[in-house]
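A.B. asks: Sequence:
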Amino acid sequence: MQTRSNPLFVIINPPGIQYGMPGETVEIHVVVINEGQQSAVIDLFFAFDQTFEKISNWSNSPRASLAIAPGESSDEVTFELDIPVDALPGTYDYTLVVDSPEHYPQDTPINFPGQIKVLLKEQTVIRANDPTFLIQPTTNPNKPLIYKPDRLLQVTVKVENRSTRVDRFHLTCAELDEDFLKISYPETGVEATGLVEVSALELNPISEGQILLEFRPPANILAGNYSPTIRLHSENHPELVLLDLVYIQIPSNYQLSIELNTILGKVSRKPGKYQLAIINQGNFVRELYFSAISRDEEEICIYQFEPAEVKLLPSKSALSNLTVKPQPWWRRRWIGQPATLNFQIDVRDKQNLPVPNTLPQGVLLWKARPWWQFLLLILLGLGLAATAAFLIWRLLNPDPFKIESFSVEDPTIIEGNQVLLNWKISRYQQLKSLVIRTKQPASKQPLLNETDIINSPIIKGKNPPCRNTSQGELICENFKTGITAKGKYVFEMTALPRKRMWLSSQIQSATDTTDVEIQEKPIAEIADFKTDKAKYQKGEDIVLSWSVQRPELLDKIEIITKLDDKNPVGKPITFDNPTIKDKCQEQGKQIKCTIPLPATTVGNFSYELTAYTKNVNGRVSTKKVDNIEVIAKPFNIVFFKINGSEQLNQVLNEGDQAILTWKVEGEDIQVKLRPYGREVTKVGQLELKVIKDFLSPIILEVTDISGKTQQKVIAVSVEEKPTPTPTPFKDTPIPSPINKKPF
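Sequence positions in the sequence shown follow full-length UniProt numbering and run 1 to 743.
Rather than coming from a laboratory, the hints here were simulated on the basis of the structure.
Take these hints with a grain of salt, some might be off.
Here are the simulated DSS-like pairs of lysine-lysine, each with C-alpha atoms no more than 30 angstroms apart in a straight line [what the hints assert, rightly or not]:
#  : residue 1 : residue 2
1  : K571      : K533
2  : K480      : K444
3  : K535      : K556
4  : K273      : K350
5  : K182      : K143
6  : K480      : K148
7  : K562      : K672
8  : K148      : K316
9  : K589      : K672
10 : K641      : K689
11 : K350      : K402
12 : K488      : K535
13 : K121      : K158
14 : K672      : K623
15 : K316      : K402
16 : K402      : K367
17 : K641      : K583
The following label-pair restraints were derived from C-beta to C-beta distances [what the hints assert, rightly or not]:
#  : residue 1 : residue 2 : range
18 : F390      : I300      : 32 to 38 angstroms
19 : R437      : G416      : 18 to 24 angstroms
20 : E415      : Q585      : 29 to 35 angstroms
21 : S315      : D43       : 27 to 33 angstroms
22 : E586      : P441      : 38 to 44 angstroms
23 : A219      : D75       : 43 to 49 angstroms
24 : P675      : P598      : 19 to 25 angstroms
None of the values given here were measured: they were computed from a predicted structure.
Ideal Cβ positions, reconstructed from N, Cα and C, are used throughout, including at glycine.
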């Protein structure tokens, strides 16, 4: 709205502040009346900042252009504003601009400031008669109230009672302590008596009132943005949830108070002691660490803080003890005034927050030495003289040589490998000769007899040679003795010294021994040999399994089969090493083998397994498996019939033919037909004439190679043929033929 003096009259609906929640659409309706004397083209558009752009989704201002005749009004123009679902609660400002630069340049543009209040999602939907309230000045996330410690931070809450009843209102803020927020309600006139305390705003129907809010942030509040929620309570409508936010910004304050207090600033032997006092007078949590550097040309002090790091909340203080230790000791003055050592305290913030430009400085006085310390110089001189005398004596009487070590490369070796000796002799230049021989068994010829160790420290003709070091050590490694035979040996080394000068004391010879055992060469050894069972049928595979230790020494495996543990059966079966590897598996330090052998002959067998070792003659490993029985396959009489019948008792007529048929399954069997005593085939047929004295019973008998017998018996009884009785002859008359005529 505006006064009537302007030729353009603008109606905005709804007037005043408009309310909306995130996700809702707010509509602004505009009607323009041309009260001037000429037709005019009117432009409508909005002016707003980036904050309003975020909650309107308007990248550019919506515009409308109206042509209005004198005394006429425009149609209603509607502008829609979609509040984003993630819009933050607050009051946002905009300006509606009505402009007619061509027809009313002196009276336009006309600005109509407006506000849109984005409500909290938790707020109750406001009805026509529900109370409302507005916080002034209005705030939003980009236009907060700035707190300044030297000024009061106050806002006014305008409350409107739109109902037809008297109502009482009061404010609460659950997010702030009572000390943070002070709520002042207007006085009613009876408080002066001291009997009544104002705790609410009482409003008549269709009236407005104000409540004063004063924010009192505590001294230790952190810098940042705060948005406490203010709620208006109605006694008539306690179910209403009327909310608004106040956006407050606490400006950053980085102020620190740092002082250095001297506890012990003049020292002779002890370190200097200081105390660093820090007070966080700002509103950030500070994480500080301390160091110190010299302000002089040279850095001769060690600085140690305890603690070296502190964490300070606002309005809190901390102490750090500093020790300053000058060094090295020889830099201390012998005489004169104390040395002045200047240093500077350095404070750093882990978050790189600002620290004071001017930091404390300290001074440490290092006293000169006392006069009696000159005595130490005299004693030091005497000590140097004694040291020189001792060194001269040591040159004339050096430490004697010493056999540091004398050992074999391996105290236990295998037959065929050569014994190797190692030794180490310190200060070998004092040696005259070195002799090595076998002490047990005793030998006349030494293994080594070197008589000129100094001039010939490398033993000629030996491999590998000896070597000497810069420390005067003679080190010999892997000296070959040529001894490879089995047995126990003890080697003895004898070192003889050279004669010393006449002022020097003589030293004694040195002797050391070492022993070694040459063990018999190992062979591939059979650890286990067995079959999977003790009885087999002919035709099955006899599964032999065994394991061999030290398979890397194995040359071949030989298997001998014997019948009744006496006579060998066939030729020995031999597997060489490559064949064994293909049929066996390695398990740890053994190989485990499984070999199938066909059972072709019936009887009791034994198997002898022999393992031969590479490059070893006369020594083998043997194991044996006895009493392996191979039995014949079971046989079976499939059928035995007479005239196609398998009945055990049959009756045959004399004179008939008896046809015997049979079938037997099996191997290595003998089939007989009794009582005829003949041997027949497994499958056959025999025809017999049934006579009065027909042999019975008839037995089919089967015997295998091991003597096992199976029979099938059929008993036959013969029914004799009856003798016919002669019949008397009778003459039968023959009738004469009758002549019949045809029709």
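A.B. asks: If any of the earlier hints don't hold here, list their numbers in rising order.
C.D. replies: Hint check: 6, 7, 9, 11, 12, 14, 15, 16, 17, 21, 23 and 24 fail, others pass.
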